[in-house]
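Asks: Next come the chains, spelled out residue by residue.
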Amino acid sequence: MLKGKTALVTGASRGIGKAIALELASSGADVAINYSGSAQKAEEVAAACRDQGVKAFSVQADVAVEEDVKAMIKEVTEQFGQLDILINNAGITRDNLLMRMKEDDWDAVLDTNLKGVYHCAKGASRQMMKQRSGKIVNVSSVVGVMGNAGQANYSAAKAGVLGLTKSLAKEFAPRNIQVNAVAPGFIETEMTEEMGETTQESLLQNIPLGRLGEAAEVARAVRFLASADADYITGQTLQIDGGMIMH
Amino acid sequence: MAENTLERVKKIVAERLDVEESDITREASFKDDLGADSLDVVELVMELEDEFDLEISDEEAEKIVSVADVVNYIDGQQ
Chain A
1 MLKGKTALVT GASRGIGKAI ALELASSGAD VAINYSGSAQ KAEEVAAACR
51 DQGVKAFSVQ ADVAVEEDVK AMIKEVTEQF GQLDILINNA GITRDNLLMR
101 MKEDDWDAVL DTNLKGVYHC AKGASRQMMK QRSGKIVNVS SVVGVMGNAG
151 QANYSAAKAG VLGLTKSLAK EFAPRNIQVN AVAPGFIETE MTEEMGETTQ
201 ESLLQNIPLG RLGEAAEVAR AVRFLASADA DYITGQTLQI DGGMIMH
Chain B
1 MAENTLERVK KIVAERLDVE ESDITREASF KDDLGADSLD VVELVMELED
51 EFDLEISDEE AEKIVSVADV VNYIDGQQ
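If you read the protein sequences in the order shown, they are chains A and B. Each residue of the first sequence is one higher than the one before, starting from 1 at the first, in the working numbering. Each residue of the second sequence is one higher than the one before, starting from 1 at the first, in the working numbering.
Next up, chain B with everything else stripped away, as it sits in the complex:
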């Protein structure tokens, strides 16, 4: 399940941030490693909410820094 989530997240991140899927590691930080700005991260969270049909609160969204944060959050919800 976790792998599956990671793959789905990678796909969205690759598309949204215009990076290669192969560059997206579990540990990658959106801002430091993948070139995202704060607005990109907000948008990413919005897209993940739609894709995984869940609502990420502002408090939780603020904690999201890396790919792993997203995957752990999503898996924790399901």
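One chain only, chain A, in its complex shape:
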């Protein structure tokens, strides 16, 4: 399905990013596994991708840092010769009530989760424009759509990603580059494990399907948006949230 395509997945050493990298690899795409700090975990994901018979390697970059991203895009295009798919997944949380939120917490989350997408999309688009094709999928969040107490920084960044997605979709449409977003709900990852049981329980009451999602379920939707099956879809946000948000 993605045979002959090459992909870069940011924040792919664990969680949803890891699931996306494995899903793309199992569909036949060569995958670059970006990580910021977890070199060993990233290399394990790359090895698991190679087990699927595709090319894969891990590449370090803090997406918040422009120089890092430039070097990463250069390495990926040199190794693969092209870049067809960019998955902007890298994200961090620094949850706190606004009254207690430090400026550093605000900046760190915005820099990684929103500015990181700007850096990566800018870097990748140069290659994709030349190719006259490309797919960018941004991983937003249900809280970017509905807000969440204690996550002002995270939800602002994730809502920003949705606006960015729409603008990029319009800018790149004449060059046959589709830009879409997914907005996962509550997915079983280390990030949601940190929430604690009571929060999780109250959450379940708001999920029509009555359970948390799995990272692989997000990954399959991302793979769809990254494939030729989604050639006529751009600027959209696909909710993968068990029905929490219904448009």
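Worth flagging that the hints you see were computed from the coordinates, not collected in a lab. Treat each hint with caution, since some may be false.
[What the hints assert, rightly or not] Using 16 Å as the maximum straight-line C-alpha spacing, the simulated EDC-like pairs for lysine to aspartate or glutamate come out as follows: (1) A/Lys74 to B/Glu55; (2) A/Lys130 to B/Glu51; (3) A/Lys170 to A/Asp229; (4) A/Lys122 to B/Glu51; (5) A/Lys130 to B/Glu49.
None of these values were measured; they are calculated from a predicted model.
Starting from the known structure of chain A, fit chain B onto it as the hints suggest.
Replies: Coordinates of chain B only, in the frame set by chain A:
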């Protein structure tokens, strides 16, 4: 040297914007005379960077309006 640059630029512009080389004068504006949109100009700058092996900063790229702007910039760099 300047003539040479002009010829090379003309060739790239002709190919990228799908216009006849003979229509591309030194004074021609990419948008007004050669039918380019903003994205075309961005792409053109990218291609010129590759062809002439130089990096045109965003600030400089924004000033590029005509064929002459490109030729002068490139000759100024070399």
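Asks: All the hints need checking, so say for each whether the structure fits it.
Replies: Hint-by-hint comparison with the structure:
In summary, the hint linking lysine 74 of chain A to glutamate 55 of chain B is supported, as the alpha carbons are separated by about 15 Å, within the 16 Å threshold. Straight-line distance between C-alpha atoms of lysine 130 of chain A and glutamate 51 of chain B comes to about 14 Å, which keeps the hinted pair within the 16 Å bound. A distance of roughly 19 Å separates the Cα atoms of lysine 170 of chain A and aspartate 229 of chain A; the hinted pair therefore is violated under the 16 Å criterion. Simply put, lysine 122 of chain A and glutamate 51 of chain B have alpha-carbon atoms about 21 Å apart, too far for the 16 Å limit, and the pair is violated.
Taking the CA atoms of lysine 130 of chain A and glutamate 49 of chain B, the gap is about 13 Å. The hint holds against a cut of 16 Å.
Hint violations for this structure: numbers 3 and 4, all remaining hints satisfied.
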